[in-house]
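A.B. asks: Each chain, letter by letter, is given below.
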Amino acid sequence: MDQGIDRRGADRRGIGRRGFLKLGFWGSAALASGAALTPLLTGCSRSDTPAAGFAHLRDNDVSLLRPLVKPVLGGGLAAVPGATADDALHAFDRLLEGGYAGTRDQLFQLMDLLQLGAARWWLTGTWAAFADQSDTELAATLAQWQSKEGFAQLAFKGLTQPLGMAWYVTPEAALSTGYPGPPRTGNV
Amino acid sequence: MPDLSMPDLSKLEIRNIRDPWENADQRWQVIDGAQQTRDRTLEADVVIIGTGAGGGVSAEILSQRGLKVILVEAGRLRSSRDFNLDEGDAYRHLYQEGALRATKDGAITILQGRTVGGTTVVNWTSSFRTPEQTLDFWQRQYGVQGTGRSALNPWFERMEKRLGVHPWQMPPNANNDIIKRGCEALGWDWSVIPRNVSGCWNIGYCGMGCPTNAKQSMLVTTLPAAMEAGATLIHSAQAHRLIHDGGKVSAVEVRPLDQHKQPTGATLTLKAATVIAAGGGIQTPALLMRSEAPDPNGRVGKRTFLHVTSFAFGHYGRDIAPFYGAPQSLHSDQFTFAEGVAGPAGYKLEMMPLHPGLTAALLGSVGEEARQRITELPRTAASIALLRDGFHDDSVGGTVELRDNGEPVLDYPLSDYLLDGARRSLHSQVEMQFAAGAERVRPGHIRAPYYPSWKAARQGMKDLAYQPLEVALGSAHVMGGCAMGEDEQHCVVDSHGRHRQLENLYVFDGSVFPTSLGVNPQLTIYGLSARNASALADRLKPVANNA
Ligand SMILES: Cc1cc2nc3c(=O)[nH]c(=O)nc-3n(C[C@H](O)[C@H](O)[C@H](O)COP(=O)(O)OP(=O)(O)OC[C@H]3O[C@@H](n4cnc5c(N)ncnc54)[C@H](O)[C@@H]3O)c2cc1C
Ligand code: SF4
Numbered sequence: 191m192d193q194g195i196d197r198r199g200a201d202r203r204g205i206g207r208r209g210f211l212k213l214g215f216w217g218s219a220a221l222a223s224g225a226a227l228t229p230l231l232t233g234c235s236r237s238d239t240p241a242a243g244f245a246h247l248r249d250n251d252v253s254l255l256r257p258l259v260k261p262v263l264g265g266g267l268a269a270v271p272g273a274t275a276d277d278a279l280h281a282f283d284r285l286l287e288g289g290y291a292g293t294r295d296q297l298f299q300l301m302d303l304l305q306l307g308a309a310r311w312w313l314t315g316t317w318a319a320f321a322d323q324s325d326t327e328l329a330a331t332l333a334q335w336q337s338k339e340g341f342a343q344l345a346f347k348g349l350t351q352p353l354g355m356a357w358y359v360t361p362e363a364a365l366s367t368g369y370p371g372p373p374r375t376g377n378v
Numbered sequence: 026m027p028d029l030s031m032p033d034l035s036k037l038e039i040r041n042i043r044d045p046w047e048n049a050d051q052r053w054q055v056i057d058g059a060q061q062t063r064d065r066t067l068e069a070d071v072v073i074i075g076t077g078a079g080g081g082v083s084a085e086i087l088s089q090r091g092l093k094v095i096l097v098e099a100g101r102l103r104s105s106r107d108f109n110l111d112e113g114d115a116y117r118h119l120y121q122e123g124a125l126r127a128t129k130d131g132a133i134t135i136l137q138g139r140t141v142g143g144t145t146v147v148n149w150t151s152s153f154r155t156p157e158q159t160l161d162f163w164q165r166q167y168g169v170q171g172t173g174r175s176a177l178n179p180w181f182e183r184m185e186k187r188l189g190v191h192p193w194q195m196p197p198n199a200n201n202d203i204i205k206r207g208c209e210a211l212g213w214d215w216s217v218i219p220r221n222v223s224g225c226w227n228i229g230y231c232g233m234g235c236p237t238n239a240k241q242s243m244l245v246t247t248l249p250a251a252m253e254a255g256a257t258l259i260h261s262a263q264a265h266r267l268i269h270d271g272g273k274v275s276a277v278e279v280r281p282l283d284q285h286k287q288p289t290g291a292t293l294t295l296k297a298a299t300v301i302a303a304g305g306g307i308q309t310p311a312l313l314m315r316s317e318a319p320d321p322n323g324r325v326g327k328r329t330f331l332h333v334t335s336f337a338f339g340h341y342g343r344d345i346a347p348f349y350g351a352p353q354s355l356h357s358d359q360f361t362f363a364e365g366v367a368g369p370a371g372y373k374l375e376m377m378p379l380h381p382g383l384t385a386a387l388l389g390s391v392g393e394e395a396r397q398r399i400t401e402l403p404r405t406a407a408s409i410a411l412l413r414d415g416f417h418d419d420s421v422g423g424t425v426e427l428r429d430n431g432e433p434v435l436d437y438p439l440s441d442y443l444l445d446g447a448r449r450s451l452h453s454q455v456e457m458q459f460a461a462g463a464e465r466v467r468p469g470h471i472r473a474p475y476y477p478s479w480k481a482a483r484q485g486m487k488d489l490a491y492q493p494l495e496v497a498l499g500s501a502h503v504m505g506g507c508a509m510g511e512d513e514q515h516c517v518v519d520s521h522g523r524h525r526q527l528e529n530l531y532v533f534d535g536s537v538f539p540t541s542l543g544v545n546p547q548l549t550i551y552g553l554s555a556r557n558a559s560a561l562a563d564r565l566k567p568v569a570n571n572a
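Sequence order for the protein chains is A and B.
Quick note: the first sequence uses our numbering, first residue 191, plus one each step.
Quick note: the second sequence uses our numbering, first residue 26, plus one each step.
Incorrect hints may appear among the rest.
Stated by the list, open to error - As a list, the in silico SDA-like pairs of lysine to any residue whose alpha-carbon atoms are at most 20 Å apart:
{"hint": "1", "chain 1": "B", "residue 1": "K36", "chain 2": "A", "residue 2": "V378"}
{"hint": "2", "chain 1": "A", "residue 1": "K338", "chain 2": "A", "residue 2": "E327"}
{"hint": "3", "chain 1": "B", "residue 1": "K129", "chain 2": "A", "residue 2": "G340"}
{"hint": "4", "chain 1": "A", "residue 1": "K347", "chain 2": "B", "residue 2": "D130"}
{"hint": "5", "chain 1": "B", "residue 1": "K129", "chain 2": "A", "residue 2": "Q299"}
{"hint": "6", "chain 1": "B", "residue 1": "K129", "chain 2": "A", "residue 2": "V378"}
{"hint": "7", "chain 1": "B", "residue 1": "K36", "chain 2": "A", "residue 2": "P373"}
{"hint": "8", "chain 1": "B", "residue 1": "K129", "chain 2": "A", "residue 2": "P373"}
{"hint": "9", "chain 1": "B", "residue 1": "K36", "chain 2": "A", "residue 2": "R374"}
{"hint": "10", "chain 1": "A", "residue 1": "K347", "chain 2": "A", "residue 2": "P361"}
{"hint": "11", "chain 1": "B", "residue 1": "K129", "chain 2": "A", "residue 2": "R374"}
{"hint": "12", "chain 1": "B", "residue 1": "K327", "chain 2": "B", "residue 2": "M314"}
{"hint": "13", "chain 1": "A", "residue 1": "K338", "chain 2": "B", "residue 2": "D130"}
{"hint": "14", "chain 1": "A", "residue 1": "K260", "chain 2": "B", "residue 2": "G389"}
{"hint": "15", "chain 1": "B", "residue 1": "K36", "chain 2": "A", "residue 2": "L267"}
{"hint": "16", "chain 1": "A", "residue 1": "K338", "chain 2": "B", "residue 2": "E495"}
{"hint": "17", "chain 1": "A", "residue 1": "K338", "chain 2": "B", "residue 2": "K36"}
{"hint": "18", "chain 1": "A", "residue 1": "K338", "chain 2": "B", "residue 2": "M314"}
{"hint": "19", "chain 1": "A", "residue 1": "K338", "chain 2": "B", "residue 2": "Y491"}
{"hint": "20", "chain 1": "B", "residue 1": "K129", "chain 2": "A", "residue 2": "E339"}
What the hints assert, rightly or not - Partial pick of chain B residues on the chain A-facing surface, computed with a CB cut under 10 Å:
{"hint": "21", "residue": "G131"}
{"hint": "22", "residue": "D161"}
{"hint": "23", "residue": "Y230"}
{"hint": "24", "residue": "S275"}
{"hint": "25", "residue": "D283"}
{"hint": "26", "residue": "K286"}
{"hint": "27", "residue": "G382"}
{"hint": "28", "residue": "G389"}
{"hint": "29", "residue": "A481"}
{"hint": "30", "residue": "Q484"}
{"hint": "31", "residue": "M486"}
{"hint": "32", "residue": "L489"}
{"hint": "33", "residue": "A490"}
{"hint": "34", "residue": "L494"}
To be clear, the hints were calculated from the coordinates, so they are not data collected in a lab.
A quick note: this is a predicted structure, and the numbers were derived from the prediction, not measured.
We put the CB at the ideal spot given by N, CA and C, even for glycine.
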């Protein structure tokens with residue numbers, strides 16, 4: 191099925207004119223109906239190989255998400271001494287472990303979409319790659335993205351909500367919220 | 026104001042708890058799917074698919090009657106010696122889709138259990154009998170027979186006794202106390218919640234697997250009893266489909282799963298004269314759909330109901346410690362049936378426990394705002410409103426669909442009817458929390474701030490758009506999709522849970538409800554399943570002195 195963006199042969203960061211028009215069409219349909227990611231994105235080609243050290247996230251996902259971690263978590267990352275963006279991405283990867291393959295696929299499709307400048311512009315209001323934006327710029331991008339409705343809101347929630355959840359289920363980040371932690375059971 | 030502050034429980038040691046599953050392999054017949062790499066065929070009188078509320082109760086009754094029972098459970102066997110109270114581990118190991126489940130459009134987060142004992146292992150222990158209004162509605166609209174409240178009362182009593190259900194005796198935690206203070210100030214109804222616990226330590230980890238075995242979930246009650254009576258448990262094994270000829274099920278095709286929930290490649294074929302589907306809402310309809318079970322009126326998976334739940338967060342200028350203490354101990358029925366059974370959506374008010382991961386997801390937002398909100402966790406209270414869906418023409422619930430790979434997805438369009446209910450339920454919660462003394466309250470809506478007063482909130486909430494993804498919604502109660510009743514057009518199973526076309530297939534779980542309930546579902550499932558499993562036992566193996 192060729193309903194979404196046809197990226198075969200297109201530059202990883204580029205987007206074919208034909209695909210863009212289709213994205214526009216499906217985009218407005220999605221905005222009007224609040225439709226899920228799947229119909230919009232079927233047709234995106236994607237790699238399946240996880241990045242080194244990850245069970246699910248692929249190289250492209252890791253480089254897409256890495257710059258976003260700090261601005262998404264606010265002070266949440268710095269609150270855990272020594273924590274890096276990659277620690278949060280490993281937590282994200284572990285959260286995905288529990289999910290259905292089909293649900294992970296939707297997330298991958300969203301991340302594939304976000305590799306494309308036009309899609310970033312449409313969803314987040316900014317063309318620039320996340321890696322090319324400063325933390326201040328990213329904070330503004332996130333604020334802009336968050337203020338949108340419909341499909342962009344779904345994409346925002348779909349990406350940022352599990353990232354926050356994944357971080358705060360880690361015992362170290364959990365303690366940084368003022369939660370004193372669970373009773374001790376000696377169980378692992 | 027009473028001092029309801031909790032001590033810091035992170036210093037508490039929980040040791041030497043008796044675990045009924047200790048050395049289970051040596052005492053009972055337990056088969057670990059992860060170790061099954063060769064095809065096998067097993068036989069029994071009854072195969073039960075799913076070990077939650079419906080499956081557990083059925084297993085105890087049928088195996089104690091002397092029937093040979095095989096239980097199949099997709100989740101792995103975990104018990105108190107495995108429960109470490111780590112939130113991430115709990116979601117990964119004990120919840121459907123690692124707690125990442127949501128409706129198709131992403132608008133409603135769904136929590137459901139997936140482990141031996143099913144959702145009863147992670148539920149919050151509130152135990153209510155089915156409201157009379159709901160049962161009467163089922164009788165009127167769906168011709169459900171024999172489920173009047175007086176007919177069911179003996180079954181509720183029996184299960185209450187079996188599971189130690191009593192109104193909670195200890196003072197509520199500070200979070201639940203808000204129901205009492207808010208409702209008293211407003212003259213609203215409130216009362217104490219009956220809980221299925223025995224010797225509860227009041228620590229508040231019911232949602233991560235009770236580490237003390239105080240919670241009388243299926244894991245520590247009916248399932249060990251069934252095992253003791255000779256049942257076989259196959260865990261880490263997913264019933265993929267029922268093999269049938271359109272009139273009768275001959276076997277269940279089961280896929281054993283490895284530690285990563287992936288099929289090991291082997292197939293277990295379970296042959297039995299009687300099969301019980303007890304996989305719960307979403308899963309049981311999905312099993313019937315994968316099996317291409319006869320469904321002449323296209324009803325399977327339709328009218329799947331959630332108690333769609335809205336949230337409000339309050340700050341009280343003092344510690345609430347919403348992570349500690351019995352998670353739910355008080356509730357209010359002020360609005361449950363206020364507008365009649367079939368009027369605008371009614372809702373039940375309760376509180377929910379908060380732990381950091383789920384709270385971060387619920388509070389939403391990013392950056393400094395998200396960080397600010399999550400670091401207020403110890404001082405945050407969370408109320409919830411459970412919307413009663415399915416009682417109105419505009420309230421038809423959702424539909425289970427299958428992905429190409431067989432995974433179920435719940436399509437649950439949010440009707441104006443439900444969104445209006447969400448709006449009203451947010452008003453009530455915010456009003457209640459201010460009446461309880463909150464300094465600031467925020468309705469669960471992505472555009473809403475913490476309001477400084479009820480007056481400001483009432484004004485501000487007028488401008489919010491009550492739209493999917495804007496209103497924060499979740500649900501821990503999945504019901505329906507295989508409606509019971511005598512109306513052949515609408516009902517997948519009869520009033521006793523027997524499938525209308527496959528004569529030896531029964532559905533004993535929450536998926537048989539024709540509507541949602543208006544109360545937390547476990548006791549309804551226990552009572553109905555006890556009734557239906559007993560009737561089935563009488564048919565399969567009449568008690569000698571009855572015969
Ligand atoms: C966090 C939380 C808190 C809750 N709190 C309360 C509460 O306080 N009070 C209350 O009344 N209710 C509560 N509930 C809900 C209640 O526990 C459930 O409604 C009830 O347990 C459902 O029972 P069931 O028999 O329908 O299915 P479940 O208890 O969900 O059991 C179904 C089991 O079947 C297994 N299964 C499904 N399909 C297959 C298959 N094909 N092959 C093998 N195995 C399969 C599943 O893995 C699962 O373990 C809560 C739920 C949650 C998530
Ligand atoms: S509150 Fe009681 S029932 Fe719940 S986890 Fe703690 S001890 Fe168990």
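A.B. asks: Work down the list of hints and note, for each, if the structure agrees.
C.D. replies: Here is what the structure says about each hint:
1. Proximity of K36 (chain B) to V378 (chain A) is assessed by CA-CA distance (about 17 Å); at most 20 Å being required, the pair is judged to hold.
2. A threshold of 20 Å between alpha carbons decides the hint, and for K338 (chain A) with E327 (chain A) the separation of about 17 Å falls inside it, so the pair holds.
3. Among the hinted pairs, K129 (chain B) with G340 (chain A) is consistent with the structure: their alpha-carbon atoms are about 14 Å apart, no more than 20 Å.
4. Distance restraint check for K347 (chain A) and D130 (chain B): the Cα-Cα separation of roughly 11 Å lies within the 20 Å cut-off, and the hinted pair is therefore satisfied.
5. Simply put, K129 (chain B) and Q299 (chain A) have alpha-carbon atoms about 15 Å apart, close enough for the 20 Å limit, and the pair holds.
6. This hinted pair does not check out: K129 (chain B) and V378 (chain A) have alpha carbons roughly 34 Å apart, beyond 20 Å.
7. Between K36 (chain B) and P373 (chain A), the direct Cα distance comes to roughly 6 Å. Compliance with the 20 Å bound is thereby established for this hinted pair.
8. Under the criterion of a C-alpha separation no larger than 20 Å, the hint pairing K129 (chain B) with P373 (chain A) is inconsistent with the structure, at around 36 Å.
9. In summary, the hint linking K36 (chain B) to R374 (chain A) is supported, as the alpha carbons are separated by about 7 Å, within the 20 Å threshold.
10. Proximity of K347 (chain A) to P361 (chain A) is assessed by CA-CA distance (about 23 Å); at most 20 Å being required, the pair is judged violated.
11. The straight-line distance between the Cα atoms of K129 (chain B) and R374 (chain A) is roughly 38 Å, outside the 20 Å bound, and the hint therefore fails.
12. Between K327 (chain B) and M314 (chain B) the alpha-carbon distance is near 11 Å, which keeps this suggested pair within the 20 Å criterion.
13. A hinted pair counts as satisfied when its Cα atoms are at most 20 Å apart, and K338 (chain A) with D130 (chain B) qualifies at roughly 16 Å.
14. In summary, the hint linking K260 (chain A) to G389 (chain B) is supported, as the alpha carbons are separated by about 16 Å, within the 20 Å threshold.
15. For the hint linking K36 (chain B) to L267 (chain A), the alpha-carbon distance of about 26 Å lies beyond 20 Å, and the restraint is violated.
16. Proximity of K338 (chain A) to E495 (chain B) is assessed by CA-CA distance (about 10 Å); at most 20 Å being required, the pair is judged to hold.
17. Among the hinted pairs, K338 (chain A) with K36 (chain B) is inconsistent with the structure: their alpha-carbon atoms are about 44 Å apart, more than 20 Å.
18. Proposed proximity of K338 (chain A) and M314 (chain B) is contradicted: the alpha carbons are some 37 Å apart, above 20 Å.
19. Distance hint between K338 (chain A) and Y491 (chain B) is fulfilled; the C-alpha atoms sit about 15 Å from each other, no more than 20 Å.
20. Distance restraint check for K129 (chain B) and E339 (chain A): the Cα-Cα separation of roughly 17 Å lies within the 20 Å cut-off, and the hinted pair is therefore satisfied.
21. Hint status for G131 (chain B): holds, given a least beta-carbon distance of 5 Å to chain A, under 10 Å.
22. A least Cβ separation of about 35 Å between D161 (chain B) and chain A goes past the 10 Å threshold, and the interface hint is therefore violated.
23. Nearest Cβ of chain A to the Cβ of Y230 (chain B): about 6 Å, under the 10 Å cut. The hint holds.
24. A least Cβ separation of about 29 Å between S275 (chain B) and chain A goes past the 10 Å threshold, and the interface hint is therefore violated.
25. Look at D283 (chain B): its Cβ only gets to about 13 Å from chain A, farther than 10 Å, so that hint breaks.
26. The closest approach between the C-beta of K286 (chain B) and any C-beta of chain A is roughly 8 Å, which is under the 10 Å cut-off, so the hint is satisfied.
27. Hint status for G382 (chain B) relative to chain A: holds, with the closest Cβ pair at about 3 Å, below 10 Å.
28. Because the smallest distance between the Cβ of G389 (chain B) and any Cβ of chain A comes to about 7 Å, under 10 Å, the interface hint for this residue holds.
29. Proximity of A481 (chain B) to chain A is violated relative to the hint, the smallest CB-CB distance being about 22 Å (cut-off 10 Å).
30. Hint status for Q484 (chain B): violated, given a least beta-carbon distance of 21 Å to chain A, over 10 Å.
31. The criterion of a C-beta within 10 Å of any C-beta in chain A is not met by M486 (chain B), whose closest approach is roughly 18 Å, and the hint is violated.
32. The interface hint given for L489 (chain B) is violated, since its Cβ lies 13 Å from the closest Cβ of chain A, which is over the 10 Å cut-off.
33. Given the 10 Å rule on beta carbons, the hint for A490 (chain B) holds: about 8 Å separates it from the nearest Cβ of chain A.
34. Interface hint at L494 (chain B): satisfied, since its Cβ lies 5 Å from the closest Cβ of chain A, which is below the 10 Å cut-off.
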